[in-house]
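Please model the complete structure; the sequences and the hints are all you need to start from.
Protein chains in written order, with the numbering used here: chain A, 23 to 268; chain B, 861 to 1100.
Just so you know, these hints were derived from the structure itself, not from any lab.
For clarity, every value in this text was computed on a predicted model and none was experimentally measured.
Each residue gets a CB set at the ideal place from its N, CA and C atoms; glycine is no exception.
Any given hint could turn out to be false.
[To be verified] Computed Cβ-Cβ distance ranges for the label pairs, DEER-style:
1. G1036/B - L222/A: 47 to 55 Å
2. D172/A - S958/B: 19 to 27 Å
3. A1003/B - T68/A: 50 to 58 Å
4. K138/A - I919/B: 26 to 34 Å
5. G41/A - K1096/B: 43 to 51 Å
6. G1036/B - G38/A: 35 to 43 Å
7. W131/A - G899/B: 44 to 52 Å
8. L940/B - F135/A: 28 to 36 Å
[To be verified] Stretch by stretch, here's where chain A covers chain B in the computed footprint (C-beta under 8 Å, at least three residues):
9. 1023-1032
10. 1037-1044
11. 1066-1072
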Amino acid sequence: MSIAWFKYSSPATFYGLAGKLVPWFGWSAGILTLIGLYIAFFLAPTDFQQGEAYRVIFIHVPAAWMSMFIYMVMAFWSAIGLAWNTRLSFMMSRALAPTGALFAFLSLWTGAFWGKPMWGAWWVWDARLTSALILFFLYVGIMALWAAIDDRRRGDKAGALLILVGAINVPIIYFSVKWWNTLHQGASISMTKAPSMASLMLWGMLVMAIAAWFYSIAVALYRVRGIILERERQTEWVKKLLEARS
Amino acid sequence: MTALATHYDPTRENDSFSPLRFLWTVIRRDMLLAARRRGDWLTSQFFFVMVVSMFPLGIGPEPEVLRMVGPGVVWVAALLASLLSLPRLFAEDYRDGSLEQMLLSPEPTVLVTLGKALAHWCIYGIPLLLITPLLGVQFSLPAEAIGVLVISLLIGTPILSLLGSIGAALTLGLRGGGVLLTLLILPLYVPALIFGAGAVDGALSGIGYSAHLSLLAAFLVLTLMVAPWVAASALKVSIE
Chain A
23 MSIAWFKYSS PATFYGLAGK LVPWFGWSAG ILTLIGLYIA FFLAPTDFQQ GEAYRVIFIH
83 VPAAWMSMFI YMVMAFWSAI GLAWNTRLSF MMSRALAPTG ALFAFLSLWT GAFWGKPMWG
143 AWWVWDARLT SALILFFLYV GIMALWAAID DRRRGDKAGA LLILVGAINV PIIYFSVKWW
203 NTLHQGASIS MTKAPSMASL MLWGMLVMAI AAWFYSIAVA LYRVRGIILE RERQTEWVKK
263 LLEARS
Chain B
861 MTALATHYDP TRENDSFSPL RFLWTVIRRD MLLAARRRGD WLTSQFFFVM VVSMFPLGIG
921 PEPEVLRMVG PGVVWVAALL ASLLSLPRLF AEDYRDGSLE QMLLSPEPTV LVTLGKALAH
981 WCIYGIPLLL ITPLLGVQFS LPAEAIGVLV ISLLIGTPIL SLLGSIGAAL TLGLRGGGVL
1041 LTLLILPLYV PALIFGAGAV DGALSGIGYS AHLSLLAAFL VLTLMVAPWV AASALKVSIE
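The following block contains the structure:
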């Protein structure tokens, strides 16, 4: 079975595909969030060390994962866009940025709520917190650059270059708890050994992570549909579409 | 443009050093322009001195406190001073059209951005290094720490010029370019700031400073390898 990748790299066909996918991802994100939150608040046991306050991980960890992952996806689309000059790639990275910034902010915010009871401080200048803060600044800088450039092509490419330069920060965040002796705890989950947490906690977190994932896909696709319409408004198919709507 | 025309002749094909000669011409031209317009770069040097001098007034004159914050203050002021001067890196050549001519030349654009970043370092970085010992004395740093501070700035300021050239190329000709440049580039400056100020803290607390300086130098090598190329692509994006 082969998928027609190139067919969907055209904004006109992708617009339709994205429209079909948005409700699926949106609804499953909503349902998974409800399941995840139920596990998080009613089923998962109290942590023997951290008490009830640990429950913030069900938001904190998925948000932090997504903030890094979305940045890497943006870097991927930027590299593709710069290499092959594909219009849709730049639109995708523009559609992803606000969601990435939102998750970066959420991870810092919920991290503060976790830090206060655990460490006794809302904020510490530890390697992981600092690099996550820089990630948030990078998102803000990229969106500010896009906002300042009126010319669309120039904005796309300039943003892509900045995204690629900033991508060096993501591995630094990810490995910061290994490389430096930080106050932030190390990873509780790894591919190679059994997780160091109760399985219900793990399940709750994974469900929430998948929900965050689906939410990001749904929102990014929804946003990219708007961007496509805005940019292709001179073309025939958009005009037909608008006539059919009205 | 006259400086380029008289010192550089791309038709001499047998000249094996021609890229270096081109690089040198770019650096020389920027230095010459800076020498003719002293007000421009002296402003940011005085900005550096004044920002640093404001801190003891705000924090209070206790020598122990000043010694503790001194390295960080000098480093942050150096970041701000470089950001203040960076919007001009390409702007004037862009305005009078000579930047476009440079990009049209047969030599790679990388040499233009590298040359301009190096010239920026000579004009803004080196005077900064010469003033720093005086400021160190103001913050009652011991002699060894002042030495480490100067070495950390010696390795660190080229990083600021190189990374800054990316931001200057990206924001070329935009409204509010200066503030935008700050937003884009400050997050990228963070490693230089951490390792640079960390080296001096290490010297002050007796832990040692060589690890921080090595990391700073590694960051310089990485920046030198990547930044001129990114700045060159950014310049092409901004001008086309």
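Here's how the hints hold up against the structure:
1. G1036/B - L222/A: 47 to 55 Å: holds, 51 Å
2. D172/A - S958/B: 19 to 27 Å: holds, 25 Å
3. A1003/B - T68/A: 50 to 58 Å: Holds - the Cβ-Cβ distance for A1003/B and T68/A, about 57 Å, lies within 50 to 58 Å.
4. K138/A - I919/B: 26 to 34 Å: Because 28 Å falls inside the window, the suggested range holds.
5. G41/A - K1096/B: 43 to 51 Å: violated, 36 Å
6. G1036/B - G38/A: 35 to 43 Å: Cβ of G1036/B to Cβ of G38/A: about 38 Å, so the range 35 to 43 Å holds.
7. W131/A - G899/B: 44 to 52 Å: Cβ of W131/A to Cβ of G899/B: about 46 Å, so the range 44 to 52 Å holds.
8. L940/B - F135/A: 28 to 36 Å: holds, 33 Å
9. 1023-1032: It holds, with 3 qualifying residues against the three required.
10. 1037-1044: Coverage by chain A holds here, the residue count being 4 at a Cβ distance below 8 Å.
11. 1066-1072: Not satisfied, violated; 0 residues make the cut.
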